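Undergrad: Below, each chain spelled out in residue letters.
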Amino acid sequence: MLLRRESAVTGIAHSGDRNARRVELVCPAGTLAALKAAVDAGADCVYMGLRNETNARNFAGLNFDERAAAEGLRYAHSRGAQVFLALNTYAQPAAFTRWTDALDLAARLRFDAVILADPGLMRYAAQRHPSLRLHLSVQGSATTYEAINFYVQRFNVRRAVLPRVLSLAQVESVIAHAQCEIEVFGFGSLCVMVEGRCALSSYATGEGPNTVGVCSPAKHVRWEETPAGRDVRLNGVLIDRFGAGENAGYPTLCKGRYVVGDSTYYAIEEPTSLNTLDILPELLRIGVAAIKIEGRQRSPAYVAQVTRVWRAALDACVAAPDEFVATAAWQRELAAVAEGRQTTLGAYHRPWQ
Amino acid sequence: MRLTLGPLLYHWPRAQLDAFYAAIASAAVDIVYVGEVVCARRSEYRLADWLDTAQRLTDAGKEVVVCAQALMESEADLRTLRRIAGDGRFMVEANDMGAVHVLAGHAPFVAGPHLNIYNAPTLALIASLGACRWVPPVELSRDSLAAILADIPAGVATEVFAWGRLPLAFSARCFTARHYNLQKDDCGWRCIDHPDGLPVATREALPFLVLNGIQTQSYRVHSLVESLPQLFELAVDALRVSPQSSGTCEILATIRAAIDGRCSPRDAADALAPHRLAAPCNGYFHDRPGMALVDAMTR
Chain A
136 MLLRRESAVT GIAHSGDRNA RRVELVCPAG TLAALKAAVD AGADCVYMGL RNETNARNFA
196 GLNFDERAAA EGLRYAHSRG AQVFLALNTY AQPAAFTRWT DALDLAARLR FDAVILADPG
256 LMRYAAQRHP SLRLHLSVQG SATTYEAINF YVQRFNVRRA VLPRVLSLAQ VESVIAHAQC
316 EIEVFGFGSL CVMVEGRCAL SSYATGEGPN TVGVCSPAKH VRWEETPAGR DVRLNGVLID
376 RFGAGENAGY PTLCKGRYVV GDSTYYAIEE PTSLNTLDIL PELLRIGVAA IKIEGRQRSP
436 AYVAQVTRVW RAALDACVAA PDEFVATAAW QRELAAVAEG RQTTLGAYHR PWQ
Chain B
10 MRLTLGPLLY HWPRAQLDAF YAAIASAAVD IVYVGEVVCA RRSEYRLADW LDTAQRLTDA
70 GKEVVVCAQA LMESEADLRT LRRIAGDGRF MVEANDMGAV HVLAGHAPFV AGPHLNIYNA
130 PTLALIASLG ACRWVPPVEL SRDSLAAILA DIPAGVATEV FAWGRLPLAF SARCFTARHY
190 NLQKDDCGWR CIDHPDGLPV ATREALPFLV LNGIQTQSYR VHSLVESLPQ LFELAVDALR
250 VSPQSSGTCE ILATIRAAID GRCSPRDAAD ALAPHRLAAP CNGYFHDRPG MALVDAMTR
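Protein chains in written order, with this note's numbering: chain A, 136 to 488; chain B, 10 to 308.
Honestly, I wouldn't trust all of these hints.
Which residues of chain B face chain A? A few of them, derived with a C-beta cut under 7 Å, are [to be verified]:
1) Thr67
2) Asp68
3) Gly70
4) Leu80
5) Leu177
6) Phe179
7) Arg182
Simulated from the structure, these hints should not be mistaken for laboratory data. Model, not experiment: these values are computed from the prediction. Ideal Cβ placement from N, Cα and C applies to all residues, glycine included.
Next comes chain A alone, as it looks inside the complex (with noise of 0.2 Å):
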């Protein structure tokens, strides 16, 4: 708890003893109330989106205004926590200013760092607001140190967040290459596809992540109840079928039952979160420099909890990283709020490799 306050831009991250390095939990607030449950509950970081398609998490009822983001801003620099602003959408040309003013609004309120995935926004952000602190976003879907030095060396961007395709073995190569910090997800809700590779959901309503920073919009979606069982439509096109006492979840266009040849499965992905908690001491020995939680869109009683069980974990793991266990606690607690109440450790277990 001592060293979670200090800096991030202290460049901690890569130096010093190993036990004493700083991880960073970044955590996601998609409301005031949410930012306030994250920084009480111990986040270092959290992040939030404006209420418009300039963020991943374009949902209704969710996001900030200038005014929300201000007290935002005040709640958790008073606490010594950082807020970062996710502007992470491709900027649409017919709306170009509408990224650029977000921008100009991260600057004026001095957010601590801007998680952009436009190129050209980048360019901007960089020329017109050069102390303003750049992280690439993880739907910039950089996943080698090549992609991320070119943001690095183009930009100056401090950090990247991978996305959740590599191995361990990947993801160490790559801090060992790249020239700025890396963030990766510790938990949450899990995009199979790479993320800013995805247009699955633009394909069946006209609406996804890269340009309006939606994914299956709820807009789209219907539920019928049929003599079949519980249906669910995306724009009219079946991406589920429930029987009776089978637990649905959001319906996500890639986490559906399909038919290829004979069978009928999930054909792309099981509604599940990704849970790394079993690997932290790996993540912390090949030098993650900060932890992401997925959830803007989730309650602030999930932003607690999450953020309470990874608080502890990290923790206990920089203080004793080769005695660490997660414990049953910690998973029981964290299963109980993963999407479809199952965990899986994503691309680092090998069925994905």
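Based on these hints, arrange chain B on the given structure of chain A.
TA: The following block gives chain B in isolation, referenced to the frame of chain A:
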């Protein structure tokens, strides 16, 4: 307007690859993209084979571009990228920013459809690094394309994905291996059994997607042939046809005829129908869901 053949996205047996590119050497196409974009594990053609193919096509009078892989994960992937970039004989299509980083300032390159160029400032940036042609993301609408082209840097050509199953997503996970309950690193190259992808249908038997290893594509065939007048109006420089296991040369010849005005776009669409693997779609171009079919003639 030039006609191009995009990279083969599927895994075909070596003999089929040989025959396909031998036919392409005399097909009605100006630019041919070769190389493995989807999966580094596929080895019917290794990089040396792709470079030999590129040379043969060049000798046959085609402009040839060698493609870099879209999703790069390992040091081996980067070594392949550097070999492609270092060969020097052929232009390279970059499909991620790592490739742009390696190519920038060294040689002109093609900015591929997976680079996420969604606006004019991004295109200006990529052009300043050496891109001489770009392929917009498949989900970009005509209106967005028009807005970008209003500010296009001098010397940059625009190539639009105009025919084929849409490459929609990449994953670390191989969905073909998953279908066969195989590990990705012991997959047995089962994707070779699905020369146009493995169809995915909804539970009411509506064909929806196809699985192609780590890539997911549309089941429907994206076709902009009937939008040719609008593509001319936008001053698009080239149209891309994506290879399929049968009829590719006929498709190229038909679209060439339509570009040259030797047949109407509607007649071309009718002539293409027997070669179309599935129902057509064109929604993205018209700012609709990608799977939608909009009557281009009434727009």
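Undergrad: Hold the hint about B/Thr67 up to the distance rule: shortest CB distance to chain A must be less than 7 Å.
TA: Not OK, violated: B/Thr67 not within 7 Å of chain A, min 27 Å.
Undergrad: Quick check on the hint: B/Leu80 CB to chain A CB, less than 7 Å?
TA: This interface hint holds because 6 Å falls under the 7 Å limit.
Undergrad: Does B/Asp68 pass the interface hint, meaning its C-beta sits closer than 7 Å to a C-beta of chain A?
TA: violated (32 Å)
Undergrad: Closer than 7 Å between Cβ atoms is the bar; does B/Phe179 clear it against chain A? Give me holds or violated.
TA: This interface hint holds because 5 Å falls under the 7 Å limit.
Undergrad: Double-check B/Leu177 for me: the hint is only fine if its C-beta lies closer than 7 Å to a C-beta in chain A.
TA: holds (5 Å)
Undergrad: Under 7 Å is the threshold here; is the Cβ of B/Gly70 close enough to any Cβ of chain A for the hint to stand?
TA: violated (34 Å)
Undergrad: Under 7 Å is the threshold here; is the Cβ of B/Arg182 close enough to any Cβ of chain A for the hint to stand?
TA: Constraint on B/Arg182 satisfied, holds at 5 Å.
Hint compliance for this structure: hints 1, 2, 3 are not met, and every other hint is.
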